[in-house]
Structures are given as structure tokens and as C-alpha cells.
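From first to last, the protein sequence lines are chains A and B. Just so it is clear: in the first sequence, position 68 is 68 by my numbering, and no numbers are missing. Just so it is clear: in the second sequence, position 53 is 305 by my numbering, and no numbers are missing.
Just so you know, the hints here were simulated from the structure itself, not pulled from any lab data. For clarity, every value in this text was computed on a predicted model and none was experimentally measured. Check each hint, because a few of them may be wrong.
Okay, the calculated beta carbon distance ranges per label pair [said to hold, decoys possible]:
no. : chain 1 : residue 1 : chain 2 : residue 2 : range
1   : A       : Val19     : B       : Val339    : 14 to 20 Å
2   : A       : Ala20     : B       : Gly279    : 46 to 52 Å
3   : B       : Glu399    : A       : Lys190    : 30 to 36 Å
Only some residues are given here: those of chain B computed to face chain A with a beta carbon under 8 Å [to be verified]:
no. : residue
4   : Gly268
5   : Arg271
6   : Arg287
7   : Phe323
8   : Arg324
Output of the computed footprint for chain A on chain B, the stretches with three or more beta carbons under 8 Å from beta carbons of chain A [to be verified]:
no. : segment
9   : 275 to 282
10  : 302 to 316
11  : 419 to 433
C-beta: ideal position from N, C-alpha, C; glycine also.
So the chains spell out like this:
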Amino acid sequence: MAEELGWEENMLVELARAVAYPAAPDLRSMVAARMVDPATPAPQRPWRLAAGALAAIVLAVALTLFVSREAREAVADFLGLGVQGERIEVLPTPPAGTTATPLPTPVLLGSIAQKVSREDAIRFSGIQPKLPASLGAPRDYFLVGSDPALFVADYGQLQIWEFSLADEIFIGKGLIGGGDVVQSMMVNGKPGYWIKGGERIVTVMGSDGKERSGTQRTVLEPALVWAEGGLYRRIEGPTTLEAALALAAEMR
Amino acid sequence: MTPERDDSEIVAAVLGGDRNAYAELVGRYQQVAFRAAYLILRDSGAAEDAAQDGFVRAYQSLRSFRGGEPFRPWLLRIVTNLALNQVRSRSRRLRLFERVGAARGSLVEAPVDDSFLSSDQQRQLWQAIRELPDDDRIILYLRFFLELPEKEIATVIGKAPGTVKSRLHRAGGRLRTVIETRYPWLQPVAEGGGSRG
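Start from the sequences, fold in the hints, and give me the full structure.
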């Protein structure tokens, strides 16, 4: 920088000297903690942990349900596999002699999402969707959330959800209840889940561990979820696994 | 007294199974990583997250790090990309709410934090820099604020070392244009009263 500088460069030098940076935190222990398991999510600040824990407690209390041993075992079976962007938890079993609180009434997609044009759905989600040609054009497009938004193509009886894993913003959190079966499998060569059987809660969680406001749904239809090409993908509503896999293959 | 190990020796030790050695690299470069993220994000909490994520990702990709190369620019490339991704996410969110109207939820975009500058003139110059394209801003941050040599800048921006000088020149020229057109009062007054440069 000792060479001839233009006036704008001299201004930059002076400005750089004037910057009062906040004290840099000591990251060594936090980084070391995450090095134990490369897949461990970022440790959260205490207030975030508290907020996340509170949200989890509220959900757990509100959604106290029976759950079958089979479902629990199914979840345990694929804990080591995992679909990036998806978390599945089993609803707690209520004590003997108590009655489970019913799940919330299912809501329409339009009540938790913003209906938009195809162009806006792509622009604001950052997703360039590759949708199954065999389904024809979606009936509607929706955006869920805003940080950034999830992309949803709605075909009426079937929906396709996508979001970019690069943003590390969203985690689909499924709380499965009694009668649900979760089957782990490969979808387009990537780990995936086929979930069917009963009612379940699906909500969008931020990477801060907090539920994205207004995104909780009760889902009855089967769903195929997997992560591929940097995207989380979810086909909700196919009646059979074979049909779901065929649609997934078209999205490859 | 044990002489300080260079980056490549530490990386070799980590890859050889001495995971604790990585803390030496974190301690060595956490300030510059934090500052790089802070310049882009202007939020200390977000900058801390980006710097921390950068170190973790660098660790996960350590086998792709070429021995003999400096660790700092390789790390800064990861950190600046993470920080830029955060900015783009925020930006998409803001555009969404502007365009779609956001019937539900409340969005309050964090105001630009320029409290780290003490004078109005500095804040206006900072604003002028913010109006530049990402590539221009980043290269100016690297050169003038983080004082990286051109060779390291080349690694961070992923370009050939020979192009850094011309890219710096181009970014400086664009900044000059922004100042001349939008913040003309920031230009230095030459002897005789006119602007120079």
C-alpha cells in the first residue's frame, strides 16, 4: 500500500484504521466441541438453547400421544442413517391410564403458506425445481417461511416441498405418533424415509432450534423425504411407495 | 522454548490424529476470521457463528488442504462464503416481504450497524462501500481492512494472483464513481478548491 494510492484508496486506509471491531470471541472450545462429531450442529447461545428447549417442551406437552413400540424401534433403526434437513422424533408415551391429547386439526397449506406465482416461488426460495413431468403443471405454488422461504408445488392431492440445504436455515421436524411407520431406504441413491400410517406433526424449525412461527401442520398422508443435490425434498401425498419413488426418479 | 509450528506442520499433526493441535490454528486465526465475517455481516453474533462454522468446515475439509500453502486465506475463503450466504439469505427474506407483502409474521430487518465508526463521514464512506457489488467489497475488505497480501487475496477470491491488482483497481474505480455521484462531499478538496484524483 506504499505505492501511489488514489484518494479513494487513502480514504479506505483511513477508514480501516478507524474501525472499532468488537472483541473477537475465543472460539477454541466451541470449535473443539464440534470437532467430536463433524455432523454436530452449531452450539447455540444460552438464550437460544432456552428458547429451543421451551419450544420443544411446549410441543411435547401439547402433543402427548401414544406411540407404538414398532414406531420407536423404526426410528432407532435409522438414527444412524439420517436425511439431511429432516429430524424425526417420537411423541412421548402417556402414562398408563391417561388419555392422549389429540393432534391439532389438520390445516390447509394455504393457511400456513403464501400463495405466489411460479416465478416468485423460484425467486424467493432460491430453488430451481425439477418437478416430475408426469404430474403436469402444479395447481399452485406456495412459499413457507421467509428466512429464506421453502418452495412448495401443490398438485392438489400431492405436494412437493424443497429447500436448499446450503442455507442451513430449515429443518423439517416430524413428530410421529401411534401407528406411524418410518421406513428407511435409498431414494435416487441417497438416504430417505418413507413415512406413513397415522397422523404426525410436521413443522419447520430454524437452525436456532426454534419453530418457525405458523408452520406447524398435522399430516395424514404418506410422505417420501430425502436430500439430494444440495436440496431437501419431500413428496407428500403419494398413495404408494412405488408411486413416490417413481416421482422421485423424475426429479433426479 | 519450543519454536512456533507453521500452519502446515499443525495441519499434518491434526491429520495424523492430534486433534488438539487444531486449537492452535483456531487461536492463531480466530481474530481475522471473526473480523472478515464482521465486515460482511456487521453483527457480532452472526460473525461469531460464521467464524466458528468456518473453522469447523475447514476441519472437516482438512484433507483437501494443500500442505505448504498458507492456512489463513483458505480459511478466509470458507468464512467469507458463509458470511455472504447469510447476507443473501437475509436479502432474499427482505425481497420476499417487499414483494409478497408478508401477511403473517413480523419481519424486522436489523438496521445496519455502523456503530463501529465514530464520524458521519466514516459512516457515509462505509455506506458507499456497501453499495458496491459483493466481489468489489470483498476484495477491498481483504486488502485494506484485513491487510492481506495479494497472493492470499487471490486464494480467498479464487482467482489467479495476477488478476488481484486489476480487480483492486476496478473496485477502487467503482468506489470512486459511487462517491463522486452519490457522496460528492466526501471527495478531498484539492488546493485551489476543486476535487482531485
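Verification of the supplied hints:
Between Val19 of chain A and Val339 of chain B the Cβ separation comes to about 18 Å, which falls inside the hinted range of 14 to 20 Å. The hint said 46 to 52 Å for the Cβ distance between Ala20 of chain A and Gly279 of chain B, and at roughly 22 Å that hint is violated. At about 44 Å, the CB distance of Glu399 of chain B to Lys190 of chain A disagrees with the hint of 30 to 36 Å. Given the 8 Å rule on beta carbons, the hint for Gly268 of chain B is violated: about 15 Å separates it from the nearest Cβ of chain A.
The beta carbon of Arg271 of chain B is positioned within 8 Å of a beta carbon in chain A (closest approach about 6 Å), and the interface hint is therefore held. At a threshold of 8 Å, the smallest CB-CB gap from Arg287 of chain B to chain A is about 5 Å, leaving the interface hint in force. Using the Cβ-Cβ criterion of 8 Å, the hint placing Phe323 of chain B at the interface with chain A is not satisfied: the shortest such distance is roughly 14 Å. Checking Arg324 of chain B against chain A: minimum C-beta separation of about 14 Å lies over 8 Å; hint violated.
Given as covered by chain A, the segment 275 to 282 of chain B passes the check, having 4 residues with a CB less than 8 Å from a CB of that chain where 3 are the minimum. Given a C-beta distance limit of less than 8 Å, the hint that chain A covers the segment 302 to 316 of chain B holds, as 7 residues qualify and 3 suffice. Note: the segment 419 to 433 of chain B has 4 residues with beta-carbon separation from chain A under 8 Å; the three-residue rule is met and the coverage holds.
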